[in-house]
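Just so you know, the protein sequences line up as chains A and B, in that order.
When we follow our numbering, the leftmost residue of the first sequence carries the number 20, and every step to the right adds one.
When we follow our numbering, the leftmost residue of the second sequence carries the number 20, and every step to the right adds one.
Quick caveat, the hints were computed from the structure, so don't treat them as lab data.
Please note: incorrect hints may appear among the correct ones.
One copy or two, either will do: identical chains are not told apart, so a pair holds if it fits within one copy or between any two.
[Claimed, not checked] The list that follows gives simulated cross-link-like pairs (lysine to any residue, SDA-like), each with its CA atoms no further than 20 Å apart:
1. K160 x S109
2. K160 x F298
3. K121 x G292
4. K285 x V253
5. K260 x M81
6. K160 x R145
7. K45 x I75
8. K42 x N78
9. K45 x A374
10. K132 x R36
11. K121 x K160
12. K160 x V373
13. K375 x S33
14. K42 x L71
15. K45 x S186
16. K345 x D211
17. K375 x L106
18. K141 x G319
19. K160 x H142
20. K128 x Q389
21. K45 x N76
Here the structure is a predicted model, which is why all the values come from computation and not from measurement.
There are 2 protein chains.
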Amino acid sequence: MRIVQKFGGTSVGSIERIQATAKIIKGELEQGNEIAVVVSAMSGETNRLLHLANNINDNPPMREVDALVATGEQVTAALLAIELDALGVSAYSFSGAQAGFKTEGCHTKARIKDVQGDHLIKHMERGEVPVVTGFQGVDAKGDVTTLGRGGSDTSAVALAIAVKADSCDIYTDVDGIYTTDPRIEPNARKMDSISYEEMLEFASLGAKVLQTRSVELGMRYNMPIHLRSSFDLVEGTRVSKEDSNMERAEISGVAHNRDEAKVTIKGIPDQPGIAAAVFGPVAAADINVDVIVQNISEDGQTDLTFTVPRNDYQATMDLLNTLCTKMNAREVTGDNTVAKISIIGVGMRSHTGVAKKMFDVLAQENINIQMITTSEIKVTVVLEEKYIEVAVRALHQAFNLAQD
Amino acid sequence: MRIVQKFGGTSVGSIERIQATAKIIKGELEQGNEIAVVVSAMSGETNRLLHLANNINDNPPMREVDALVATGEQVTAALLAIELDALGVSAYSFSGAQAGFKTEGCHTKARIKDVQGDHLIKHMERGEVPVVTGFQGVDAKGDVTTLGRGGSDTSAVALAIAVKADSCDIYTDVDGIYTTDPRIEPNARKMDSISYEEMLEFASLGAKVLQTRSVELGMRYNMPIHLRSSFDLVEGTRVSKEDSNMERAEISGVAHNRDEAKVTIKGIPDQPGIAAAVFGPVAAADINVDVIVQNISEDGQTDLTFTVPRNDYQATMDLLNTLCTKMNAREVTGDNTVAKISIIGVGMRSHTGVAKKMFDVLAQENINIQMITTSEIKVTVVLEEKYIEVAVRALHQAFNLAQD
Chain A
20 MRIVQKFGGT
30 SVGSIERIQA
40 TAKIIKGELE
50 QGNEIAVVVS
60 AMSGETNRLL
70 HLANNINDNP
80 PMREVDALVA
90 TGEQVTAALL
100 AIELDALGVS
110 AYSFSGAQAG
120 FKTEGCHTKA
130 RIKDVQGDHL
140 IKHMERGEVP
150 VVTGFQGVDA
160 KGDVTTLGRG
170 GSDTSAVALA
180 IAVKADSCDI
190 YTDVDGIYTT
200 DPRIEPNARK
210 MDSISYEEML
220 EFASLGAKVL
230 QTRSVELGMR
240 YNMPIHLRSS
250 FDLVEGTRVS
260 KEDSNMERAE
270 ISGVAHNRDE
280 AKVTIKGIPD
290 QPGIAAAVFG
300 PVAAADINVD
310 VIVQNISEDG
320 QTDLTFTVPR
330 NDYQATMDLL
340 NTLCTKMNAR
350 EVTGDNTVAK
360 ISIIGVGMRS
370 HTGVAKKMFD
380 VLAQENINIQ
390 MITTSEIKVT
400 VVLEEKYIEV
410 AVRALHQAFN
420 LAQD
Chain B
20 MRIVQKFGGT
30 SVGSIERIQA
40 TAKIIKGELE
50 QGNEIAVVVS
60 AMSGETNRLL
70 HLANNINDNP
80 PMREVDALVA
90 TGEQVTAALL
100 AIELDALGVS
110 AYSFSGAQAG
120 FKTEGCHTKA
130 RIKDVQGDHL
140 IKHMERGEVP
150 VVTGFQGVDA
160 KGDVTTLGRG
170 GSDTSAVALA
180 IAVKADSCDI
190 YTDVDGIYTT
200 DPRIEPNARK
210 MDSISYEEML
220 EFASLGAKVL
230 QTRSVELGMR
240 YNMPIHLRSS
250 FDLVEGTRVS
260 KEDSNMERAE
270 ISGVAHNRDE
280 AKVTIKGIPD
290 QPGIAAAVFG
300 PVAAADINVD
310 VIVQNISEDG
320 QTDLTFTVPR
330 NDYQATMDLL
340 NTLCTKMNAR
350 EVTGDNTVAK
360 ISIIGVGMRS
370 HTGVAKKMFD
380 VLAQENINIQ
390 MITTSEIKVT
400 VVLEEKYIEV
410 AVRALHQAFN
420 LAQD
C-alpha cells in the first residue's frame, strides 16, 4: 500500500511526541508500505509566531505573516526527518514550495491549485520517506502562502492524490468518529466507516476532527481517508465513497451542537426582497446564519426565524432591532438557550419514515421541536438546550446505533 | 547610494532590537538611499535549533540540519519586514532560495556560487526594502543549504555585489577596527579606513568582527565594506581597496593573541620528510599550527618549534612525545605561557626598516623575542605572555598610532 500519513500539532508537539510519531511511521514502513508524511507545526508554535508579529504590528502584511508562520512546519518536518534517520529510516523534509504545492488566492487563506508529486513518488519507491510541511505552498510569484487554520488536513489529502496513494491516514488525538458524543451516551460506538457526505455533515455540525475542505477534496478524487489516533494504534474510522452494495442502517449517527441562538423578526411586510434585506446586513456583520424558517404569510405579513452562533446573539439582536424599525416590522424576539440536534445517514435515501421516527421519539420524551430543516442525508431540529442529553440518548437508542 | 545593510544576531536578538534596527533602515532610506537588508537569526536561535536536532540524533543528516537551522533567519526576516511595515516602509522578506542565492559544496558549509539579484533591484528602485536571510541558499537540487558560522557577512557582501551596491554596511556590536586593543592601550584609535589585506590580517589574528570569506569576496569584487555599530550610529571603519595615492603610515595597527602555546621537538635526524612526519599527525588530530620555525641543522640534527592554540597544548605535547620515540629525536619541550604580537600595515611595502624598528622597541623594553614570522604586510613575534601589555603599548606609541 502507498499511504500518506498526516500528523497534527499534538502528534509532533514535543521531542517525545516526535519520537513516538517516527516509530509509527517506521512501523508502517516495516509492513511493506510506501510512506509519505505531512506534518503540522508543533502545537502552540503557530500562535507563538503570530503573537510576535502582532506584538510589533497591529496589521502585519499577510505575505510576511505567511513567511513567518510557515517556518513552524519547516521546523517540525526537519526534526521528524532527523528522528527518522536516528531510527534507521531514510527521510527527507520538504517545504510546501519544495514539495510542489502550488497555490492560488490570497495570503493566509490560499487554495491548493496543483501538487507536483512525481519527485516524492521516486523517494517513496526507494523506501525513503518524504516529510512534507502541511498548511503551506507557494504562489505563482514564488511567495510562501498558507492555507488557513486546519489546512494541513487538506495538504495531506492533496498530497495523497498527487502521489496516487491508496489511503490518506489522518492521525489526531481522537480515534475516530462516534455514533454520538460518548460523554452523553456511554453506548456510543466508533464507526468503522462513513461516507464523505456523512463526514461533511458531521464536520459541519462541529466534529472538528477533519477540515471540511479536506473531505470535499477526498470526495472529489475518491481518496479514502483513515481518521485515527496517534496515541492508540487501533483502527479508526475510514471515510470513503458510499458503498451502494452494502445494507445500510437507517441512520449512522446523532450529532448535536449547543452553540446556538435563535432570533425572530415578526410581522415583516411580505414583499419580494425581504430575505435579502435581512440577511445582507447579517452577512456584512460576518455572522454565520444556519437554520432558516420563514412562516407562511398572513395578512400580508410574515415572520423570519433563524439560528446564529451563540457568541453572535447580542450583535444579531442589535442589528435586527435596527432593521425592524427600518423595515416597518412588528417586533424582534430571541432565545440563546436553544440547541441543535441532527440525525445523519446515507441510509435515509433508502429508508422511508426516518424523519417521522425522529419526531415521534422526541414527542415521546415531551420535547418540543422549534425548527426543522432537512437535507438528503440529514434531519436537523432546534430545541430547548436543556433537553439535549435526553434527546441524544433517546435517538441513539431508538435508531439502534449501539449495535454495529 | 545603493546600500546593503547587514544586521547580526544581537541586532535582531529581541523585538526591541528589531524595532531599533528597523529605525536605522528607515533613517537610511529617508536620506535618499536604496536599501536591501541581510539578517542573521535572533541570537541564540541557531543554537536552540541545533540543540533540538542533537537531542534526538547524535549524527543528524546535514541536509535536515540545514533545513532546520535556516528557519532561524526566515523568522527574523519576516519579523523585520513586519516591523518596517509598521513604520510605513514597504518591505519584503526573502529566504535564501527566494533571493536567488545558489550554492555549491556540502551541507552546513556550502559556498555561494551565484546570486541572482535583478528582482531585488526592482524592489529597491521602487523604494521598497528586500529583507534577505543571511547564512543560507539553495543548491542545484533545490535543497536548502547553509554557509557555516558567520556566513551572513558573506551573504551580505555577495548580495551587495549582485545588486551592484555602492557599499555593504555590516552592523555589529563594535563600532570599528582599532589600532590596538583599547583595553590595553587607552590611546587606541578607531581607524576610518583599512585595506582588505590589512582586514584579513586583523581577522586572522582574532578580530572576530568580520568573517574572512566576506573580506576576501569584497576584495575580489572591490565592494567597499563599512563596519559599524548598530548601537551607536557613528562612522565605523571602511574596508576598501588600498588607495595607492594616499600617504600611508608605516603600520596601521598592533594586534595580539594570548591564546598561544609553543612546542619544540629537539634533535630530530635531519632528513627529507621530517616536517611531513611531524605535521601530518598534528593535522590529523585537528590541531591548527600557526608560527613554525625550523633551526639550522647541526651535526645532522635539527629542532622544530611551532605554536598551537593553548587549548591544544597538552594534546600536542602528548602527540610529540610519541613521535619523539618513533622518530628517534632527542626531546620535546613546551611552554604554554607565550603570546603573539603583530604589527600590520600596507605601509610596510613602501617604508623600509619597519621590522627592525619593532625589534628595537621590544629590545628597549628588555623583551626577549622567541620566534619571528613575517608576511608582506605583517610582522609577528612570539614572546612571553607577561610582556604582552608592555609590548602593545610600546609599539603603539613608537609607531605613532594614536595620531591619525
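Does the structure break any of the earlier hints, and which numbers would those be? 2, 3, 4, 5, 9, 10, 12, 13, 16, 17, 18, 20
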